[in-house]
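Here is what each chain is made of, one letter per residue.
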Amino acid sequence: MKVSMTVNGRPVEAEVDPRTTLVEFLRKHLNLTGTHVGCDTGQCGACTVHLNDRAVKSCSVLVGQAQGAAVTTIEGIAEDGGLHPVQAAFREHHGLQCGFCTPGMVMMAIDLLRNDPAPSEATIRQQLQGNLCRCTGYHNIVKAIQAAAATMAATEPAPTQMKEQLA
Amino acid sequence: MYAFNYHRPDSLEAAIGLLRTCEDGLFLAGGQTLLQSLRQRLAQPSDLIDLGALPELSGIRREGDQLVIGAMTRHAEVAASDLVRQSIPALAALAAGIGDAQVRNMGTLGGSIANNDPAADYPAGVLGLGATVVTSERELAADEFFTGMFETALEPGELIREVRFPIPRRAGYVKFAQPASRYALVGVMVAESAAGVRVAVTGAGPCVFRVPAMEQALAQDFQPQALDGIEVPADELNDDLHASAEYRAHLVGVLARRAVKAALAGL
Ligand SMILES: Cc1cc2nc3c(=O)[nH]c(=O)nc-3n(C[C@H](O)[C@H](O)[C@H](O)COP(=O)(O)OP(=O)(O)OC[C@H]3O[C@@H](n4cnc5c(N)ncnc54)[C@H](O)[C@@H]3O)c2cc1C
Ligand code: FES
Ligand code: FES
Numbered sequence: 003m004k005v006s007m008t009v010n011g012r013p014v015e016a017e018v019d020p021r022t023t024l025v026e027f028l029r030k031h032l033n034l035t036g037t038h039v040g041c042d043t044g045q046c047g048a049c050t051v052h053l054n055d056r057a058v059k060s061c062s063v064l065v066g067q068a069q070g071a072a073v074t075t076i077e078g079i080a081e082d083g084g085l086h087p088v089q090a091a092f093r094e095h096h097g098l099q100c101g102f103c104t105p106g107m108v109m110m111a112i113d114l115l116r117n118d119p120a121p122s123e124a125t126i127r128q129q130l131q132g133n134l135c136r137c138t139g140y141h142n143i144v145k146a147i148q149a150a151a152a153t154m155a156a157t158e159p160a161p162t163q164m165k166e167q168l169a
Numbered sequence: 674m675y676a677f678n679y680h681r682p683d684s685l686e687a688a689i690g691l692l693r694t695c696e697d698g699l700f701l702a703g704g705q706t707l708l709q710s711l712r713q714r715l716a717q718p719s720d721l722i723d724l725g726a727l728p729e730l731s732g733i734r735r736e737g738d739q740l741v742i743g744a745m746t747r748h749a750e751v752a753a754s755d756l757v758r759q760s761i762p763a764l765a766a767l768a769a770g771i772g773d774a775q776v777r778n779m780g781t782l783g784g785s786i787a788n789n790d791p792a793a794d795y796p797a798g799v800l801g802l803g804a805t806v807v808t809s810e811r812e813l814a815a816d817e818f819f820t821g822m823f824e825t826a827l828e829p830g831e832l833i834r835e836v837r838f839p840i841p842r843r844a845g846y847v848k849f850a851q852p853a854s855r856y857a858l859v860g861v862m863v864a865e866s867a868a869g870v871r872v873a874v875t876g877a878g879p880c881v882f883r884v885p886a887m888e889q890a891l892a893q894d895f896q897p898q899a900l901d902g903i904e905v906p907a908d909e910l911n912d913d914l915h916a917s918a919e920y921r922a923h924l925v926g927v928l929a930r931r932a933v934k935a936a937l938a939g940l
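In the order they appear, the protein sequences are chains L and Y.
Under the numbering used here, the first sequence has 103 at position 101, and the numbering climbs by one with no breaks.
Under the numbering used here, the second sequence has 822 at position 149, and the numbering climbs by one with no breaks.
Read the hints as simulated data drawn from the structure, not as lab findings.
Backbone N, C-alpha and C define an ideal beta-carbon position, used for all residues, glycine too.
There could be a bad hint or two in this list.
Unchecked claim - Chain Y residues, not near chain L, derived (Cβ > 12 Å throughout): (1) 690; (2) 694; (3) 696; (4) 697; (5) 741; (6) 755; (7) 756; (8) 770; (9) 816; (10) 824; (11) 866; (12) 897; (13) 903; (14) 911; (15) 916; (16) 920.
Claimed, not checked - Selected chain Y positions facing chain L (Cβ under 10 Å, derived; list incomplete): (17) 676; (18) 708; (19) 721; (20) 774.
As the list claims (entries may be wrong) - Not the full set, but computed from the structure, chain Y residues with beta-carbon under 7 Å of chain L: (21) 681; (22) 778; (23) 779.
Model the full assembly from the supplied sequences, consistent with the hints where possible.
Here you go:
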């Protein structure tokens with residue numbers, strides 16, 4: 003079957019097997035391998051992307067469900083070869099070790115900051131319940147997100163929103 | 674996954690018609706449960722009919738003393754809705770506690786109750802609030818809708834359109850989440866309205882159920898201590914690696930008291 007959608011602001015169209023999940027489509031058809039597959043069963047959040055501005059687990063979405071939608075992946079959040087403030091904060095605050103969970107963590111963090119620009123630590127931890135990290139113990143991830151919230155509050159509008167307006 | 678044909682109809686009539694004409698079709702809502710079953714080859718539908726392009730199935734509105742929620746309304750929308758928070762805060766809290774943020778962004782009310790997982794949250798909300806499930810064919814009272822483990826009164830091809838929740842005087846929902854999945858090890862919804870008190874329990878048994886002894890006691894005196902001495906027999910409760918039947922029976926009492934407290938606090 004044929005699907006079409008916008009990925010990181012770029013219109014894409016492809017002929018796919020209906021069984022294709024969104025993450026397979028991103029990784030195999032579009033070569034956007036920044037989105038990771040940890041469990042492929044909806045448990046770990048490594049595959050988190052934005053579907054019409056909402057964080058979803060792309061291993062648990064069929065490509066058909068994204069028909070006509072706007073999808074944003076980890077490759078689509080930074081401007082001009084720089085880092086998104088959330089990425090910069092993860093680097094600064096040592097929010098990653100092996101980095102496997104990181105694309106999903108960053109995409110979830112951006113979603114949560116969009117809904118709550120100044121989240122409490124408890125809110126951050128609650129919103130990250132669907133993202134597992136086997137390395138960091140989460141502490142520095144939470145710290146990074148708090149730091150990113152502060153930077154982003156100081157530099158409105160948020161870069162992802164700007165990007166989407168341009169697209 | 675076994676192969677299937679995928680359809681994304683843009684009208685309700687087309688969706689219902691498609692399911693009637695295909696050999697062994699299933700509706701696809703958020704896919705948060707169905708996709709895992711397909712992947713594990715636990716389901717082999719000939720066709721999937723995606724309800725994702727039918728805006729008429731989602732949305733939240735108030736009609737008189739009822740809150741009406743469309744079948745395709747995502748858990749996150751119910752959790753964040755001012756209308757739900759004001760009229761039935763316990764239902765907003767229930768939706769906010771389902772799974773995790775990503776699951777709440779995709780998972781739907783209709784998918785949850787059609788699936789009727791013994792540990793799912795919404796069945797307790799729908800039964801405890803005495804809601805009515807409106808389908809493509811008829812209206813079903815919650816008491817007749819949930820019929821057994823992963824079973825409902827839905828006939829093949831019958832589509833859930835919306836659920837009508839009578840707005841209670843007060844209600845509370847409290848669950849003890851299984852820490853890995855966050856499904857309810859046990860969850861209890863307590864609601865008081867002009868029609869009386871309802872207590873619905875999920876997670877404890879093979880299917881959501883009411884506890885008449887607790888309902889009668891709370892109708893006399895809507896206080897946590899009114900439940901002292903009322904026990905739910907462990908005989909028919911779930912017993913697995915997460916919790917014994919006795920432990921679940923104990924939790925029903927503890928959580929019912931907490932749900933009454935939450936209802937009194939208007940949470
Ligand atoms: C990691 C994870 C954690 C979760 N934690 C919880 C939790 O804590 N509590 C909880 O309650 N749930 C939990 N869930 C389940 C989640 O809430 C699902 O979204 C829900 O059970 C199914 O909804 P869905 O919209 O995804 O339905 P789908 O998976 O699309 O469909 C489920 C079934 O319902 C049928 N169906 C769907 N819509 C209709 C309709 N309108 N009419 C008729 N039939 C229909 C489908 O044919 C299918 O058989 C969790 C899921 C995951 C992946
Ligand atoms: S790979 Fe999607 S949740 Fe783990
Ligand atoms: S950094 Fe290794 S899994 Fe999170």
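Going through the hints against the structure:
1. Even its closest Cβ contact with chain L, about 19 Å, leaves residue 690 of chain Y beyond 12 Å, as expected for a residue assigned away from the interface.
2. For residue 694 of chain Y, the requirement that its beta carbon stay farther than 12 Å from each beta carbon of chain L is met, with the minimum near 18 Å.
3. With a minimum CB-CB distance of about 15 Å to chain L, residue 696 of chain Y clears the 12 Å threshold, and the non-interface call stands.
4. With a cut of 12 Å on Cβ distances, residue 697 of chain Y stays outside the contact zone with chain L, its closest approach being about 15 Å.
5. No Cβ of chain L approaches the Cβ of residue 741 of chain Y within 12 Å, the least distance being about 23 Å, so the stated non-interface status holds.
6. With 12 Å as the threshold on Cβ separation, the claim that residue 755 of chain Y sits away from chain L holds: the shortest Cβ distance comes to roughly 14 Å.
7. Against the 12 Å criterion, residue 756 of chain Y stays outside the reach of chain L, whose nearest CB is about 18 Å from its own CB.
8. Against chain L, the non-interface label of residue 770 of chain Y is violated: not every CB pair exceeds 12 Å, the least being about 10 Å.
9. For residue 816 of chain Y, the non-interface assignment is confirmed: its Cβ lies about 32 Å from the closest Cβ of chain L, beyond the 12 Å cut-off.
10. The beta carbon of residue 824 of chain Y sits about 23 Å from the closest Cβ of chain L, which is more than 12 Å, so the claim that it is off the interface holds.
11. Distance check for residue 866 of chain Y against chain L: the nearest CB is about 30 Å away, which clears 12 Å, and the non-interface claim stands.
12. Distance to chain L confirms residue 897 of chain Y as a non-interface residue, since its nearest Cβ pair spans about 26 Å, more than 12 Å.
13. For residue 903 of chain Y, the non-interface assignment is confirmed: its Cβ lies about 33 Å from the closest Cβ of chain L, beyond the 12 Å cut-off.
14. Listed as outside the interface, residue 911 of chain Y is consistent with that label: its C-beta sits roughly 21 Å from the nearest C-beta of chain L, beyond the 12 Å cut-off.
15. At roughly 20 Å from the closest C-beta of chain L, the C-beta of residue 916 of chain Y stays outside 12 Å, upholding its exclusion from the interface.
16. Every Cβ of chain L is farther than 12 Å from the Cβ of residue 920 of chain Y; the closest lies at roughly 23 Å, confirming the non-interface assignment.
17. Given hint, residue 676 of chain Y at the interface with chain L, holds; its Cβ is 7 Å from that chain's nearest Cβ, closer than 10 Å.
18. Nearest Cβ of chain L to the Cβ of residue 708 of chain Y: about 5 Å, under the 10 Å cut. The hint holds.
19. At its closest, the beta carbon of residue 721 of chain Y sits 7 Å from a beta carbon of chain L; the interface hint therefore holds under the 10 Å criterion.
20. Below 10 Å, beta-carbon pairs count as interface contacts, and residue 774 of chain Y has one with chain L at about 5 Å; its hint therefore holds.
21. The closest approach between the C-beta of residue 681 of chain Y and any C-beta of chain L is roughly 6 Å, which is under the 7 Å cut-off, so the hint is satisfied.
22. Hint status for residue 778 of chain Y: holds, given a least beta-carbon distance of 4 Å to chain L, under 7 Å.
23. Residue-level restraint check for residue 779 of chain Y holds (minimum Cβ-Cβ distance to chain L is 5 Å; threshold 7 Å).
Figure legend: structure checked against the earlier numbered hints; the only hint not met is number 8.
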